[in-house]
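Visitor: Based on these hints, arrange chain U on the given structure of chain W.
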Amino acid sequence: MGFNGISRRKFVKIALLAPFAWQLEAKEHIPKKDISLKEALYYKTYDERAKTVSCQLCPRGCIIGEGELGFCRARRNIKGRLYSLGYSRPCAVHIDPIEKKPFFNVLPRTLSFSIASAGCNLRCRFCQNWQISQASPEDTVNEYMPPEKVVEMAEKNRCRSIAYTYTEPTNFFEYMIDVARIAKKRGILNIQHSNGYINQEPLRELCRYLDAANIDLKGFNNAFYNRYCEADLKPVLETIKALKKSGVWVEITNLVIGGHNDDPSMIGTMCEWIKKEVGPDVPIHFSRFFPMYRMRNIAPTPVGTLEKARDTAIKAGIQYVYIGNVPGNPGENTYCPHCKKAVIKRVGYSIMDVHIKNGKCSYCGEKIGGIWDT
Amino acid sequence: MRIKNLFCLIFFIIITGIGGIFAQIVLLREMLILFSGNELSIGVIIGSWVLWEAGGAYIAGRWRLTGKTLAKTLVFSTLLFSFLFPISIYAVRVFKVIAGIPPETGTGILPIFYASFFIIFPVGFIHGMLFTFLCSFYSEITANHRSSIGRVYFYEMLGTIIGGILLNYIFIQFFNSFSIAVGLGLINALTCIILIFSVSGVKKTGIAALSIVFLLLSLVMVAGGLAGYMHNISISKQWAGRNIVYYKNSPYQNIVVTGDNGQYTFFTDGIPVITTPNPDTGYTEDFVHFTMLSHPNPEKILVLSGGAGGVIHEILKYKSVKRIDYIELDPLFLKTIQMFPTEITQGELTSPFVNLHFLDGRMFVKNPPVRYDVIFLGVPPPYTLQTNRFFTIEFFQIVRRALEPDGLISLTMPATMTYYTDELKDIHLCILKTLAQVFNYRYIIPGDFNIFISSNSDDLKKNSASIISERFRRSKVATNLITPFYLEERLDERKTDWYLSSLKDSHAEMNRDFSPYAFFYTIAFNNLMYSPYLKGFFDTLKGMNLFKVMLFSVLTYLFFFVLSLRQKNLPIVYVIGTTGLASMVLELILILSFQIYYGYVFFEVGILVMIFLSGIALGGMGVSTGYVRRFRELKMLQCIEFGIITLICAVFFILRYWCPYIQSNTFLIKAIFFLLLFISGLFTGAEFPLSSRIYDGGVRTEGNIGRTVGLLYSVDLLGGFIGGLLGGILLSVTGILEGCIILASIKTLSLALLLTYKNKVLLS
Chain W
1 MGFNGISRRK FVKIALLAPF AWQLEAKEHI PKKDISLKEA LYYKTYDERA KTVSCQLCPR
61 GCIIGEGELG FCRARRNIKG RLYSLGYSRP CAVHIDPIEK KPFFNVLPRT LSFSIASAGC
121 NLRCRFCQNW QISQASPEDT VNEYMPPEKV VEMAEKNRCR SIAYTYTEPT NFFEYMIDVA
181 RIAKKRGILN IQHSNGYINQ EPLRELCRYL DAANIDLKGF NNAFYNRYCE ADLKPVLETI
241 KALKKSGVWV EITNLVIGGH NDDPSMIGTM CEWIKKEVGP DVPIHFSRFF PMYRMRNIAP
301 TPVGTLEKAR DTAIKAGIQY VYIGNVPGNP GENTYCPHCK KAVIKRVGYS IMDVHIKNGK
361 CSYCGEKIGG IWDT
Chain U
1 MRIKNLFCLI FFIIITGIGG IFAQIVLLRE MLILFSGNEL SIGVIIGSWV LWEAGGAYIA
61 GRWRLTGKTL AKTLVFSTLL FSFLFPISIY AVRVFKVIAG IPPETGTGIL PIFYASFFII
121 FPVGFIHGML FTFLCSFYSE ITANHRSSIG RVYFYEMLGT IIGGILLNYI FIQFFNSFSI
181 AVGLGLINAL TCIILIFSVS GVKKTGIAAL SIVFLLLSLV MVAGGLAGYM HNISISKQWA
241 GRNIVYYKNS PYQNIVVTGD NGQYTFFTDG IPVITTPNPD TGYTEDFVHF TMLSHPNPEK
301 ILVLSGGAGG VIHEILKYKS VKRIDYIELD PLFLKTIQMF PTEITQGELT SPFVNLHFLD
361 GRMFVKNPPV RYDVIFLGVP PPYTLQTNRF FTIEFFQIVR RALEPDGLIS LTMPATMTYY
421 TDELKDIHLC ILKTLAQVFN YRYIIPGDFN IFISSNSDDL KKNSASIISE RFRRSKVATN
481 LITPFYLEER LDERKTDWYL SSLKDSHAEM NRDFSPYAFF YTIAFNNLMY SPYLKGFFDT
541 LKGMNLFKVM LFSVLTYLFF FVLSLRQKNL PIVYVIGTTG LASMVLELIL ILSFQIYYGY
601 VFFEVGILVM IFLSGIALGG MGVSTGYVRR FRELKMLQCI EFGIITLICA VFFILRYWCP
661 YIQSNTFLIK AIFFLLLFIS GLFTGAEFPL SSRIYDGGVR TEGNIGRTVG LLYSVDLLGG
721 FIGGLLGGIL LSVTGILEGC IILASIKTLS LALLLTYKNK VLLS
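Quick mapping for you: the protein sequence lines, in order, are chains W and U.
This note's numbering puts the first residue of the first sequence at 1, with every later residue one more than the last.
This note's numbering puts the first residue of the second sequence at 1, with every later residue one more than the last.
No lab work stands behind these hints, which were simulated from the structure alone.
Idealized CB from N, CA, C, for every residue including glycine.
Please note: incorrect hints may appear among the correct ones.
To be verified - Chain W is nowhere near these chain U residues, computed Cβ spacing over 10 Å in every case:
#1 R2
#2 I25
#3 T69
#4 A223
#5 R242
#6 Q263
#7 K317
#8 Q397
#9 L481
#10 R656
To be verified - Below, computed lysine to aspartate or glutamate pairings styled on DMTMM-like, alpha-carbon distance capped at 25 Å:
#11 U:K535 - W:E230
#12 W:K100 - U:D505
#13 U:K476 - W:D353
#14 W:K184 - W:D96
#15 W:K308 - U:D260
#16 W:K156 - W:D96
#17 W:K315 - U:E489
#18 W:K100 - U:D448
#19 U:K462 - U:D497
#20 W:K345 - U:E488
#21 U:K237 - W:E143
#22 W:K156 - U:D260
#23 W:K245 - W:D263
#24 W:K149 - U:E493
#25 W:K79 - W:D34
#26 U:K535 - W:E143
#27 W:K100 - U:E493
This is chain W alone, in the form it adopts within the complex (with noise of 0.2 Å):
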């Protein structure tokens, strides 16, 4: 970070930007007709006379001016109130294996509705879903799919869970806790894809219902996080713990990119630290980073850094280690940390054969961590 907090090339963008000042001027909100309003559970009001609100959900804090966006796009103070757009519009709604989110220990060859909502509270440079995450409701075309439909919809559809995903739940925050505790109620797992990039007393509310979460841990240094992301790395290493300590089956996905994050003395450290604080039964997907979004003048990550990602966290003790996105490498199987036999044989996300039976091995017997069928 340079001068007063502010990074060099902000600095710059700002100067340079400033003579088109008059272009950025914020316009006078009209709500579009497909967007839903609904109060934010978690925000204060900062200033009363100004009716500036203070957002408690994620770890941004934003101090929102009335007629203002959140930095999420997903939250707009209203005369003092603080609403979320995304409730009950999704843009995104797909049936997806569950693989794909991506669970390889939570009830495999199984499909997952999966709903977003536009917005993120992150800014990453290689975000594959962009158009979503780097947008808000008001810009996208959403569906009416209240909280009870989205569950109907996933039970009419066979789906065995359904998952926030795509951009970053967070921001559609108040929308999936009320279709969780509906498909709680009704026997579907809620499962996450996120950035972990939440408060504690929002995600605490949040475990109750969760049953899994894919946290993407995108790197495993502070500088990393502010570069690429502008975000921190502290409240997703928080996160992590959190969920673990609630009960909720964690899964972490760390998108290598070459030159950036894959320098193994950090691999190493975030191993170690995963193995020490969350516990060595948490699986890690190393993924093949392909060029994307603002990262397009890069290589793609070489498969022998991410099998020396690999080797480096089975060396840390980390009993389930996955590599993404190269298909047809072993690294895509399940394998019992007792007797190293492959469990679960997969190519992508083709399951081509399971050998778990009621959570165990089929071979030694021994319990194979995630969430199964009995």
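Guide: Quick look at chain U alone, frame taken from chain W:
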């Protein structure tokens, strides 16, 4: 002041022209690598160069330097230009480091604008000043005011042509940018010394010493390999964190290879295109197998670009394949791949089934050796006007003729399985509509990239997941990704239904050679990634049409007409500015049209540009001869204006009604385009010195020359700046041929304004 030998000054002017084109092309190429450029960024970069040249010319005109001061300033400016040129190259390469942008991150249009604006400023500004200084100096030395502008214009253009040929065809392939810049500095220092000692009446000591020191420094840099050292240092900063194992410029592009942990990645103009030995299996297997399995018995295959590094490897798994013709434009690219061999790429490039061809893919498909069962279109998406030619109705019609009756073509487009933005919808609907215009049937496989398979064969109509699965089972082809479950999930019809319903709000147009909508939509989509704050600008452009642009032209004319009631000379300025704009856009129209009918051939395109510049040079020279002086200058200018309008109309009619019928006659096509560009250059070149003489309105004083040149040259360049910046983008929404109508209206209005002009002093 006197000069011993005028040839020394002429040589100086020619070298100045060479220096200008060297700087422009080298910096443009460096910036394209930095920004992974397309026509919009090319327009911004060239526009910045033109703008700063205009600024420099104008300011130099205001200074009104004469005599010894002029001579010394001329030499000093030349040395300064030579000094700043390599520094500008370095600044381009380390721009992202300076700006705090991670080197692997793309940038939006505003950073491109700022970078080109500020980096080009020193060299562009000084070069613009040089032209004005040279006109004044030539006029003083020869005491021939009337023809000095025309002659300097001619000599500088000559230098531009020579420099363009030398750089594009020889230097760029053998020397790095720093070596070229330092070499130029050495030549410039030499010409400065020659000029200083040729001119009498000027105290030489200080400026001569400076020139000699500069010459010696340049010699040291060349001999001591310092240019190479600067090159390596700047490359390592530009590609920070990456291990460069190969770096070379071909005439077509810059090629870089990085190595990391057993993997080689091949970049062209800064974009990764191939990774070995582990390609993107998700792309290669999907693209190849879904396509091959959509044909009952694929034997003859054509791969138009993008074949090496996995695609051909997958195609070769099919026992039915008897022949693969693989087309790449740049032979250096495949040579580079072979320098870093892997099992996959060696298998591809040395297979007895594979025939390599190095030429424009569209040219090849016009006269194929056989008709094909499957054609893979592996060119990048249409984010340049160059690649747009491979996604048009006209191209698909050519492809249809190159296919067997049951043959099919397959192409991919960036896509998503979560949500389609308006911009992405436009791209897809545009491509779908274009394909539907030529092929009866289309089979779409949505995904993170979509695969479009098109054919006129009924077989494709019956294509389905079960048929593909069955063929896959029978083929026994070994794959890493494709499994029966994967096929079932990937080819689920509900995905296609979702994809097609996502496009329902779009009103995208079909993509044609002369209406390159796909290019515009792709630029707008790319803009969303890097400069989302410009979405409104692109939405506005999308709504532009011929009528709106012409209305704007009329309003601009009316504005100038009102102003000209007070500013008597304004019509001349307006004429020059609009000619600058028209010549830039007309050149773009002709070069694009040439590529459409003939194909992209680097050498021919280079010759086209040189012919245009030759026309400019000869036009400028022509008005400086005694023969032209017989005519009244204003009448001459009016005739030229009329000639430009006639030429533009002729271009429209020739492109619209004649070229489609003669396009198989390559000699005639070339001849027509050479002639049109030459005449265009001739008119453009003639107008500038003529307008300058009219503007002055009488016998010139020495001070007036500089001021006149400065103003008019800057206006000429400003017009060119606007034309270059917006030309490509606007043409893609209004249509290329409609661009001719717009230009004809603009020049008709400028002629109308010129007819109101009364030249108080008419020379007989």
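Visitor: Each of the hints needs a verdict: does it hold here or not?
Guide: Taking the hints in turn, this is what the structure says about them:
Against the 10 Å criterion, R2 of chain U stays outside the reach of chain W, whose nearest CB is about 49 Å from its own CB. Distance check on I25 of chain U: its Cβ is at least 22 Å (rounded) from any Cβ of chain W, clearing the 10 Å threshold; non-interface status holds. Interface exclusion of T69 of chain U from chain W stands, the closest Cβ pair being 36 Å apart, more than 10 Å. The claim that A223 of chain U lies off the interface holds: its Cβ sits roughly 35 Å from the closest Cβ of chain W, which is beyond the 10 Å cut-off.
R242 of chain U, annotated as away from the interface, has a beta carbon of chain W within 10 Å; the closest lies near 6 Å. With 10 Å as the threshold on Cβ separation, the claim that Q263 of chain U sits away from chain W is violated: the shortest Cβ distance comes to roughly 4 Å. No beta-carbon of chain W is positioned within 10 Å of the beta-carbon of K317 of chain U; the least distance is around 14 Å. Every beta carbon of chain W lies more than 10 Å from that of Q397 of chain U, the smallest distance being close to 32 Å; the non-interface claim holds.
The non-interface label for L481 of chain U is inconsistent with chain W: the shortest C-beta to C-beta separation is roughly 4 Å, within 10 Å. In this structure R656 of chain U is separated from chain W by more than 10 Å, as the shortest Cβ-Cβ distance comes to about 38 Å. Of the pairs offered as hints, the one joining K535 of chain U and E230 of chain W holds, with about 23 Å between alpha carbons and a cut-off of 25 Å not exceeded. Our distance criterion of 25 Å between C-alpha atoms is broken by K100 of chain W and D505 of chain U, whose separation comes to about 29 Å.
Among the hinted pairs, K476 of chain U with D353 of chain W is consistent with the structure: their alpha-carbon atoms are about 20 Å apart, no more than 25 Å. Distance restraint check for K184 of chain W and D96 of chain W: the Cα-Cα separation of roughly 20 Å lies within the 25 Å cut-off, and the hinted pair is therefore satisfied. A distance of roughly 13 Å separates the Cα atoms of K308 of chain W and D260 of chain U; the hinted pair therefore holds under the 25 Å criterion. At most 25 Å may separate the alpha-carbon atoms for a hinted pair to count; K156 of chain W and D96 of chain W meet this at roughly 14 Å.
The hinted pair formed by K315 of chain W and E489 of chain U fails the criterion: a straight-line CA distance of about 36 Å is larger than 25 Å. A C-alpha spacing of about 13 Å is found between K100 of chain W and D448 of chain U, which places the hinted pair at or below 25 Å, so the restraint holds. Between K462 of chain U and D497 of chain U, the direct Cα distance comes to roughly 17 Å. Compliance with the 25 Å bound is thereby established for this hinted pair. Restraint check for K345 of chain W and E488 of chain U: satisfied, since their Cα atoms lie roughly 18 Å apart, inside the 25 Å limit.
As the CA atoms of K237 of chain U and E143 of chain W are separated by approximately 47 Å, the hinted pair breaks the 25 Å bound. Among the hinted pairs, K156 of chain W with D260 of chain U is inconsistent with the structure: their alpha-carbon atoms are about 48 Å apart, more than 25 Å. With a C-alpha separation of about 29 Å, the suggested pair K245 of chain W and D263 of chain W falls outside the 25 Å cut-off, and the hint is violated. Distance check on the hinted pair: K149 of chain W and E493 of chain U sit about 23 Å apart at the alpha-carbon level, within 25 Å; holds.
A threshold of 25 Å between alpha carbons decides the hint, and for K79 of chain W with D34 of chain W the separation of about 20 Å falls inside it, so the pair holds. Annotation: proposed proximity of K535 of chain U to E143 of chain W holds, straight-line Cα distance about 23 Å (limit 25 Å). Under the criterion of a C-alpha separation no larger than 25 Å, the hint pairing K100 of chain W with E493 of chain U is consistent with the structure, at around 19 Å.
Hint violations for this structure: numbers 5, 6, 9, 12, 17, 21, 22 and 23, all remaining hints satisfied.
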